[in-house]
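Peer 1: Generate coordinates for the entire structure from the input sequences, incorporating the hints supplied.
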Amino acid sequence: MEKYMLIFIGGDPSHLSPEAQQAHMGKWFAWVEKLRNEKRYVGGEALLPGGKTIKGPKKAVTDGPFAESKEVVGGYFILECKNLDEAVQIGKDCPDYDLGGVVEVREVMKFDM
Amino acid sequence: MLEQQVNQLIGHLFRHEAGKMAAVLTRLLGFQSLDLAEDIVQDTLLKAMTTWKYKGIPENPSAWLYTVAKRKAIDTIRQHHIHEHHHSEISYALKSEWTLGPTVNSFFLDNEIEDSQLRMIFACCHPSIPYESQIALTLKTLCGLSIKEIANSFLTNEETIVKRLYRAREKIREEKISLEAPIPATLPGRMDAVLHTLYLLFSEGYNSSHPNRLIRHELCEEAMRLCLFLINNPITNVPRAQALLALMCFQASREDARLDDGGSIKLLKDQDRSKWSKPLIEKGKFYLEQSAEGDEFSEYHVEAAIAGCHARASTFDVTNWENIETLYTILLRMKPSPIVELNRAIAIGYAHSPQEGLEALQKIKDLENHYLYHAAIGDFYSELGDAKSACLKYDLAINLTTSNTEKKLLRSKLEALSVIKK
Chain V
216 MEKYMLIFIG GDPSHLSPEA QQAHMGKWFA WVEKLRNEKR YVGGEALLPG GKTIKGPKKA
276 VTDGPFAESK EVVGGYFILE CKNLDEAVQI GKDCPDYDLG GVVEVREVMK FDM
Chain A
97 MLEQQVNQLI GHLFRHEAGK MAAVLTRLLG FQSLDLAEDI VQDTLLKAMT TWKYKGIPEN
157 PSAWLYTVAK RKAIDTIRQH HIHEHHHSEI SYALKSEWTL GPTVNSFFLD NEIEDSQLRM
217 IFACCHPSIP YESQIALTLK TLCGLSIKEI ANSFLTNEET IVKRLYRARE KIREEKISLE
277 APIPATLPGR MDAVLHTLYL LFSEGYNSSH PNRLIRHELC EEAMRLCLFL INNPITNVPR
337 AQALLALMCF QASREDARLD DGGSIKLLKD QDRSKWSKPL IEKGKFYLEQ SAEGDEFSEY
397 HVEAAIAGCH ARASTFDVTN WENIETLYTI LLRMKPSPIV ELNRAIAIGY AHSPQEGLEA
457 LQKIKDLENH YLYHAAIGDF YSELGDAKSA CLKYDLAINL TTSNTEKKLL RSKLEALSVI
517 KK
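Chains V and A supply the protein sequences, listed in that same order.
The working numbering numbers the first residue of the first sequence as 216 and each following residue consecutively.
The working numbering numbers the first residue of the second sequence as 97 and each following residue consecutively.
Treat the hints with care, as some may be off.
Said to hold, decoys possible - Simulated DEER-style distance windows between Cβ atoms:
#1 A:His176 with V:Val323: 41 to 51 Å
#2 V:Lys218 with A:Pro154: 22 to 32 Å
#3 A:Glu266 with V:Glu286: 36 to 46 Å
Claimed, not checked - Covered stretches of chain A, as calculated for chain V (at least 3 residues, CB under 8 Å):
#4 110 to 117
#5 132 to 143
For the record, the hints were derived by calculation from the structure and aren't laboratory data.
Ideal placement from N, C-alpha and C gives every residue a C-beta, glycine not left out.
Peer 2: Laid out in structure tokens, this is it:
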């Protein structure tokens with residue numbers, strides 16, 4: 216088993232009604248519950264929107280990225296999976312696709328070789 | 097945890113808390129800053145959603161939401177110099193950094209939240225705002241429905257709802273409507289407006305021609321919840337509010353029996369009365385009794401009494417139709433309208449004979465374009481054995497209604513008759 220990170224990008228639920236937002240949240244709970252039951256879920260965090268971006272040799276600081284951007288990373292999961300294919304299959308269960316969400320699936324590098 | 101389990105755990109938390117927070121924040125920021133209040137609510141729910149989906153629902157979800165909302169409110173008040181636009185007793189308290197935090201905190205206390213919602217009902221149902229706009233505004237701000245959901249409830253498009261909300265906000269600005277409690281002298285008039293809006297809201301939800309059952313149920317629930325606010329406050333706990341709540345309880349008690357599994361309408365006489373909610377009927381009786389105390393006697397009293405007659409009858413056949421006829425006669429005097437005449441004529445038919453019912457119906461003018469009128473005449477023809485005339489009437493009714501559920505019902509009546517004709 217290897218560790219994979221699922222990086223959640225974009226997927227804006229702000230136009231949904233409160234009721235629909237709650238339902239959407241329910242889908243995430245169901246997903247996390249499933250991953251926990253399958254003993255795949257190692258961890259995950261949400262990232263608050265806003266913040267700062269530092270760029271360039273002059274280390275220029277700008278505001279953002281902002282929630283409206285499709286490129287914003289909303290959070291991540293770390294999961295234990297057999298291989299990349301399995302991680303991708305699991306990644307397809309993410310509820311955000313209908314909201315324009317994108318999921319990046321990356322293997323976590325192991326140092327103890 | 098499945099979606100349904102989430103809803104079981106927290107019910108309609110997001111929607112209800114959206115309504116509560118909107119009321120409190122509007123009171124803090126002023127009715128003129130309604131859009132700022134709504135932004136804060138929106139941001140708060142979004143933050144909750146994005147955080148909770150990773151970490152689960154916190155132990156006290158409401159408190160979590162209020163904490164976030166309070167912080168944002170304080171920032172907004174500072175940023176927009178709200179106290180400058182606020183002409184109420186709290187603007188002073190909001191101006192000083194010492195009292196800003198505690199003031200905001202105090203508004204989020206339980207009894208204050210209720211108070212804010214009550215004021216919000218009166219503000220949204222202000223008589224100078226057109227009725228459809230009142231309902232749209234109430235649903236959006238107090239009930240936490242989205243524009244899309246409201247449009248669905250009224251079988252109209254989002255643009256129409258946006259226009260209604262816009263009109264409401266214009267009136268709020270023009271008339272400088274605020275979230276102050278109405279002065280005692282104007283209270284009766286203001287109550288009339290509020291009750292009428294809640295009545296319309298409930299009627300929308302009760303309308304069985306709407307395809308989406310969940311929306312219907314929500315609207316009825318919201319109307320009852322808001323009416324309960326009036327009941328819980330001594331100043332607004334007036335007999336006609338109690339009567340309206342009784343009426344809503346009686347009507348809502350039949351919800352589970354009104355449609356069959358396929359979504360088709362079940363007539364009152366065909367409903368399985370064991371599916372009627374006894375607790376709701378008991379509540380209805382309770383509020384009806386309360387409303388009878390004192391001198392007030394409104395159309396809500398009469399309508400509630402009529403609904404009570406049906407609720408009391410264990411079967412369709414033992415329904416006290418003479419009582420119902422008398423009540424409709426009274427209602428007609430208070431609220432003359434062809435629809436009330438229609439209902440009265442139907443009651444006459446059941447109380448006395450189909451022939452008398454038919455005659456009563458035929459005397460009514462102005463209902464030529466109403467499908468229910470022709471359907472009712474068709475029913476009496478059918479009872480009298482005149483299948484041919486009945487079918488003509490049912491055909492006419494089918495063409496006059498846009499509801500597929502109603503059409504289906506009428507077609508089944510036609511079919512039943514054609515079986516007999518053969």
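Peer 1: Now tell me if each hint is right for this structure.
Peer 2: Evaluated hints:
Under the hint 41 to 51 Å, the C-beta atoms of His176 (chain A) and Val323 (chain V), about 45 Å apart, fit the expected range. Between Lys218 (chain V) and Pro154 (chain A) the Cβ separation comes to about 28 Å, which falls inside the hinted range of 22 to 32 Å. Range check, Glu266 (chain A) to Glu286 (chain V): Cβ separation about 38 Å, and the 36 to 46 Å hint holds. Residues of the stretch 110 to 117 of chain A lying with their CB closer than 8 Å to a CB of chain V number 4, which satisfies the three-residue condition for coverage.
Closer than 8 Å: that is the beta-carbon criterion, and the stretch 132 to 143 of chain A has 4 residues meeting it against chain V, so the requirement of 3 holds.
Hint compliance for this structure: no hint is broken.
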